[in-house]
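> Line by line, the protein sequences are chains W and F.
The opening position of the first sequence corresponds to residue 1 in the UniProt record's numbering, with each subsequent residue numbered one higher.
The opening position of the second sequence corresponds to residue 1 in the UniProt record's numbering, with each subsequent residue numbered one higher.
One or more hints might be untrue.
[Stated by the list, open to error] Simulated DEER-style distance windows between Cβ atoms: (1) Leu29(F) x Lys239(W): 26 to 32 Å; (2) Pro88(F) x Gly60(W): 54 to 60 Å; (3) Asp17(F) x Glu333(W): 32 to 38 Å; (4) Asn156(F) x Arg223(W): 45 to 51 Å; (5) Arg153(F) x Gly176(W): 36 to 42 Å; (6) His45(W) x Gly35(F): 50 to 56 Å.
These are calculated hints, taken from the structure and not from any lab test.
We treat Cβ as the ideally placed atom computed from N, Cα and C, and that holds for glycine.
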Amino acid sequence: MAVNDALAGTHKIQEEAAAQRPGQLMPILNDFSQELTTLNLGPTHPATHGIFQNILQMDGERIVSGVPTIGYIHRAFEKLAERKPFYQITTLTDRMNYCSSPINNLGWHMTVEKLLGVTVPKRAQYIRVIMMELARIADHLICNSILGVDTGAFTGFLYVFQEREKIYEIYEEVCGARLTTNMGRVGGMERDLSPAAIDKLRAWLKSFPAVMKEFENMFNRNRIFMDRVVNVGPISAEKALSYGFTGPNLRAAGVDYDVRAMNPYSSYEDFEFDIPVGTNGDTYDRFIVRNEEIWQSLRIINQALDKLPDGPYHADAPHYYLPTKPEVYKNMEALIYHFKIVMGEIDAPVGEVYHSVEGGNGELGFYLISDGGRTPYRLHFRRPCFIYYQAYPEMAVGTTLSDAIVILSSMNVIAGELDA
Amino acid sequence: MTPQDAAAAPEAPVAEDPIKAQNAQVLALLTRLFGEGTFTDVHEPYGLLTATTTRERIHDIIAGLQQDQELKFHFLTTMCGINYPENPGKELGMIYHLHSMTKNIRLRLKIFFPLADPVVPTLTDLYNTANWMEREAYDFFGVIFTGHPNLIRILNVEDMDYHPMRKQYPVEDGTREDKTDLFFGR
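Could you put the whole structure together from the sequences, leaning on the hints where they help?
This is how it looks when you write it as structure tokens:
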């Protein structure tokens, strides 16, 4: 009964909304709403890949309207960030898009470096590019293989999950962690690429393309898979832009917007890569665009590894970059800087900066306002999936429940980032 | 480079910073479209043109920028609230980031208004994406968007009775004593 009461409330809201702006934004319930079934999809449904709740109105098997509820794992990152020194905020960014944490970490470091005016050496930039592209591959592998699982193909998921494991092993060699990586530091990387890391990376670059090829063979022209995803949940380019889509979802709709190409950061201008675009923005296009982006990421990693310059792996910025432990034990200045950095006694300059990187699922932006203190005055995360998830009801209305699940997984909505 | 070139180089006009030139163009166009005095506090921190305007004009300005054929600001990157408790009469603010993808121009617009009267026109009629962004600003800062179709809390629980991102609510519980830092005062 509680659900029905809640829905009566939502009906009222929807009707009021519909009266104000006919045909826009909120799906309208029709007159025979008495005959509709209410279906509570989530918040803990296994097929929703996270804590998403959608209260669906079903007419038989067709979805008539959907009301998403979000915020189940809201952890108040923006508020917490107002009390943390800059280096401690990195661990908050880990927990947003946890499928591609290195992109979040390094994007945050780049934001702070932009505020401080620190230039990072080329070697560190290239290492960052390698790690960010690995993260993108890991992110896309999860999204696409889970999409396969949702359509009933479990095999592909198992094939590529082994490869994701190998990517995580490379993370381990670089930063010591696997999922919440806390990778890099303000001013560069925490350590250089070790020979073991390079060996693992080279071995993986050799073995992965064959697996990816097999994965594509299994899905790309698979009759059963195509029947499930072609023309499911399409969105036009205009609608996608209006809904603030970015990343593979926007490119699947045919808009070639990629932050890496339009506003290059971390030396992306040094590499040659293509931006795949789709045509009608349906689930199949999103799948294919992600697959193609994996190949492009491999291209970038190969170029970066071949051209990896020598030199330092971090900037000479003693106020912000932790000195090495032996130095701290022997050297007075290093000890002072170590103490000041760890205690958060370093004041940042006054200023405001917006920096965005191409995250796994779209434009990940950091808007940082500093009033000259040890912590940000205000930090706002532009979280791509929070912004585009609001299009989900519109994309799901008119489809069946099984299609709605497939659309949800093809949008690559990550609960941690959605709720921040 | 020949010696002649090297000698001539200092006299050649110094190439202007392209971002600065572009921002100057955009600003000129903005003043032409919306009139002198519409924008105050114009500056470009880290290359991003920033201007402050009033809440009475913000809807017209963003609608005009969206429809303008030269600029085509058809993408609302993000918007967020902000709270400056020590600015009387301008305690709350909204900050909009617009992006013209065709020309790759970003623009940041700010409006400020009193805490006692946090009413701002909605942008949901211009951008679908403004819906949840405005709900987020309402949820965390208590900004009321007139004309919003469904202005309810989004990330916090419905029965919360305050807007937690306002500066009057500290992160730490004030009654706790085990976390007081005698040496650093925080």
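> Could you tell me which of the hints above the structure violates, numbers in ascending order?
Checked against the structure, no hint fails, so every one of them is satisfied.
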